[in-house]
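Asker: Here's the letter readout for the chains.
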Amino acid sequence: MSELTYTASELMCINAARLLRDGDVVFVGVGLPNLACNLARRTHAPSLQMIYEAGVIGARPNRLPLSIGDPTLVSGASSVCSMFDIFSLYLQRGNVDVGFLGGAQIDRFGNINATVIGDYHKPKVRLPGSGGSQEIAGWANRCYIMTPHQKRRFPEKCDFITSAGFLNGRAEREATGARGGGPLVIVTNLGILEPDENGELILTALHPGCTYDQVKENTGWAIRAAETVRTTEPVTDVELKILREELDPDGAYLKGS
Amino acid sequence: MSELTYTASELMCINAARLLRDGDVVFVGVGLPNLACNLARRTHAPSLQMIYEAGVIGARPNRLPLSIGDPTLVSGASSVCSMFDIFSLYLQRGNVDVGFLGGAQIDRFGNINATVIGDYHKPKVRLPGSGGSQEIAGWANRCYIMTPHQKRRFPEKCDFITSAGFLNGRAEREATGARGGGPLVIVTNLGILEPDENGELILTALHPGCTYDQVKENTGWAIRAAETVRTTEPVTDVELKILREELDPDGAYLKGS
Amino acid sequence: MSKICSLAEAIQQFIHDGDTVFCAGFTHLIPFAAGHEIIRQGRKNLTLARATPDLIYDQMVAAGCAKKLVFSYIGNPGVGSLRIVREEMEAGRLEWEEYSHFGMISRLQAGAAGLPFMPMNQNAAPDLEKNNPNIRRVKDPYSGREVLTVPALHPDVGIIHVQRADKNGNAQVWGILGEQKEAAFASKDVIITAEEIVDEDVIRSDPNRTLIPGLIVKAVCHVPHCAHPSYTQGYYDRDNVFYLNWDKISENRDSVNSWLDEWVFGVKNAAEYWEKLGPETHARLAVKPRYAAPVNYGDY
Amino acid sequence: MSKICSLAEAIQQFIHDGDTVFCAGFTHLIPFAAGHEIIRQGRKNLTLARATPDLIYDQMVAAGCAKKLVFSYIGNPGVGSLRIVREEMEAGRLEWEEYSHFGMISRLQAGAAGLPFMPMNQNAAPDLEKNNPNIRRVKDPYSGREVLTVPALHPDVGIIHVQRADKNGNAQVWGILGEQKEAAFASKDVIITAEEIVDEDVIRSDPNRTLIPGLIVKAVCHVPHCAHPSYTQGYYDRDNVFYLNWDKISENRDSVNSWLDEWVFGVKNAAEYWEKLGPETHARLAVKPRYAAPVNYGDY
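Residue numbers (the numbering used here), protein chains in the order written: chain V, 1 to 257; chain C, 1 to 257; chain G, 1 to 300; chain F, 1 to 300.
Misleading hints may appear alongside valid ones.
To be verified - To give an idea of the chain V side of the interface with chain G (calculated C-beta under 7 Å), a few residues: (1) 21; (2) 29; (3) 46; (4) 57; (5) 64; (6) 66; (7) 76; (8) 208; (9) 211; (10) 214; (11) 215.
Because the hints were derived from the structure by calculation, they are not lab data. Note that the Cβ used here is the ideal one computed from N, Cα and C, for glycine as well.
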């Protein structure tokens, strides 16, 4: 088993899939989150319910969707509603258990920047912006993040907080009254970060063969480790096989890095 | 022509129909307003667009609907939407030209009571309440009222204002910011009342054979008459024929009084 | 996982004395059979919420199930007064909370959307606002002018009748939509009653037709003719004759009680009730088919 | 009264320099042909509003039609960056106003409902609110806690592509609904582009499928394949290859200008554009039918 080779994307995707619970209602994006959800459905979480920000509930895609509004998500879905309804009746109402988030920067308190590098009004690099993520981060019961572990992606403070983690600490988030629980787990190619009681991200698990030193080198602040740092379960050939043969046979999302 | 006999309901219905303009979007209730609209469509206003508070647009009923939610309004309609949408996207948005109103009391300033006779919390007679009329009165561009001319129906002041006319005068209504124009014409079995520049209802027309004295006797305040009081055009046999033979052949709404 | 159970089981499990119940449907799809089952099971002190209480709440009030009414129009639609409700209100035996139709629906919309309130433009009518402390105002932060607000309504249980549903509770509705969707999303627990339980594939062939998703549904009950004397578009007609008759039945309590004895307590369930209506009524309410034009989703 | 006219006539009549335009459709039904016609007619200083500007606004910005963008996500969906828009923003040559998806859609909902604003629950994210003075707060009059607000959006023109419409503008849509309905009701003028113009009877056979009523529509244009490289559910597939290609085309302005010359200025209308794509592309985007289960409205 330990001799299996896999890409960083495969590793993150498999570890994210394991976080999902059977019966969870997941607000899904395309790409890795979509693959992680479908992997979970085919393994331990057959009753996972996937909803898409385009307003699709219970999709049964016959092909890998390129965009979040692919027609294959609609044909055979159990319901389609407007964007206003998906954000209000589902997400704002509290009907979403899990949201997936991503961005160019994730900081010490799990805040996410997907908007701008540099000054907002005179952008050095203009990023795509919130899309649905500001409300997913605010209102989903639990949020998961998958991201490669690189120093520039983990600064101490984001240039711009597009989507809330714990702001400057858990109490500050709670004071806003936002209903969601915030980021629960960040899966990287080195291991797993989780917020401590104050909302600061700390290392709680390493993937097999990865080290705390690697994590420290690739994080923009002096990241602490939990008292006990677990080692994640090794990737299995069953998981890899489902990903590679069933879910992304062309390697659209899993190839490379 | 002057020898035609007709009921009070027929007289009011025909005079109300004449008020409608071709192309008007009308928020329709069942009963007389429904008949007035259909009469207008079959005579001078073929492009009249009827919408129902149940969420039906462009109904083509094959039979006379008993209730405002009759299935005959749906089969063959051009659109059906939710109640939330009909009240917000149509009425509140300003897409409704004409609303019909009615109630147990209509006062000097065209305010309507459909809620209670006596004290609100200890009702002497409990009436049905607003339904859709509070917002129709507030937001339709023009409102029309059909009601038999009786003293108890035209008190100086309503016991309860369910739906706004001009409150205590036109300026008071305008100060609320409600978008609609308020009651434009009240059709009774004696004649036609219209608001003056201050929003007070005055007599502007009498039906053939009716007198100002009759109006005064049957109105709960000292009702004034316009400088020139018109006589309404006599009911025609064409109008009566459409009403009696096509629209209400069983006389469900037009018989009696 | 199938959520199918009998209507009696669903009422037993999800409706408790003192609950706020919303039996949805504007004229169309009113779940009378559920109301009758609540009466049979003897629930008390319910708060009954509906825009138009209609005969279903008149009957439940007559049977002593209700403590309070939340409503916007108390009439027998197309007929006249709702005699029992009116009598109980006039006698001071029934509490009430009153809105306009739009106020009522806006309360559901706020509840469904997880918002604390919904704004509504001013309609110039002063007296309901004066008499209902739940109707308030906020200042529009753009113009500085005031708008009205109503608070979110969250019924304990919403009962929604539909044309067809699958075993997971994915429910499709056509014809008048009323406040079915908003009531379902606003409620803590949702009971679906359906004319037909269909295979998931039927639902999935037309996902835009799904008004209520299974993920918010607790129980799915197969109850043909659930809505009589209201109606189900495409399945049977509204029983206008009964609406007219109730106006007479409800003139005195003896005839109401006899009616309840015969038509609610005297039958076991909706199937027996429908059977008892007899072939003449069945024939009178039958409707010939008229199909929607085909729609192609494409096999992507 | 028929509202049918050519797309060129509709753009000519209803879209003016300086207007705020909303080309609706979330991934699905994006009216590319209308965007191309606006480019051909040389409109200037437009404010372009859409949740996801997508390639349609990237192309319109590249062609010099836009002064300002109102948006919530500037990406090439499923591919990556929206290069032209991003470059213009970074260079300070394009004004912008930014929301989250829900903020953007709530602005349309407020506009559609005739409300001055919509409330949204707090989402804890501080920086967009800090940088956009249109995002404000009001106090919930029930709990005393603050909620966010966004102001109504009222585009001068909303362009809505649909599967089928009648000559009066009654329009039916299935598949992803995005913000089509809200955009239509929010806009002052509505232009409908349709894959098919059908007889009124087709629309009237399925009134619940009508998303946009004719009474708010100014012009109805028959524009098959209007949405390419976006798609129309049941009619043709999304041209993912083009979305990937645009990422390369938009790497420099010369290739963008060549593309505009060939595919926008070089063709007369949507029909010529589609013809020019050629039989291989037509075949690649073709889709086999998959029909919705029948629905019976009843012949009442």
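Asker: Now tell me if each hint is right for this structure.
Answerer: The hints, checked one at a time:
1. Proximity of residue 21 of chain V to chain G is violated relative to the hint, the smallest CB-CB distance being about 14 Å (cut-off 7 Å).
2. Below 7 Å, beta-carbon pairs count as interface contacts, and residue 29 of chain V has none with chain G, the closest being about 19 Å; its hint is therefore violated.
3. Evaluation of the residue 46 of chain V hint against chain G yields a violated restraint, the C-beta minimum of about 10 Å exceeding 7 Å.
4. Taking 7 Å as the C-beta cut-off, the interface hint given for residue 57 of chain V holds, the closest approach to chain G being about 5 Å.
5. With its C-beta approaching chain G no nearer than about 12 Å, residue 64 of chain V sits outside the 7 Å limit, and its interface hint is violated.
6. A distance limit of 7 Å between C-beta atoms decides the matter here; for residue 66 of chain V the minimum to chain G is near 12 Å, and the interface restraint is violated.
7. Hint status for residue 76 of chain V: holds, given a least beta-carbon distance of 5 Å to chain G, under 7 Å.
8. Violation of the interface hint for residue 208 of chain V is found here, the shortest Cβ-Cβ separation to chain G being roughly 36 Å, above the 7 Å cut-off.
9. Look at residue 211 of chain V: its Cβ only gets to about 42 Å from chain G, farther than 7 Å, so that hint breaks.
10. Proximity of residue 214 of chain V to chain G is violated relative to the hint, the smallest CB-CB distance being about 40 Å (cut-off 7 Å).
11. A distance limit of 7 Å between C-beta atoms decides the matter here; for residue 215 of chain V the minimum to chain G is near 37 Å, and the interface restraint is violated.
Hint violations for this structure: numbers 1, 2, 3, 5, 6, 8, 9, 10 and 11, all remaining hints satisfied.
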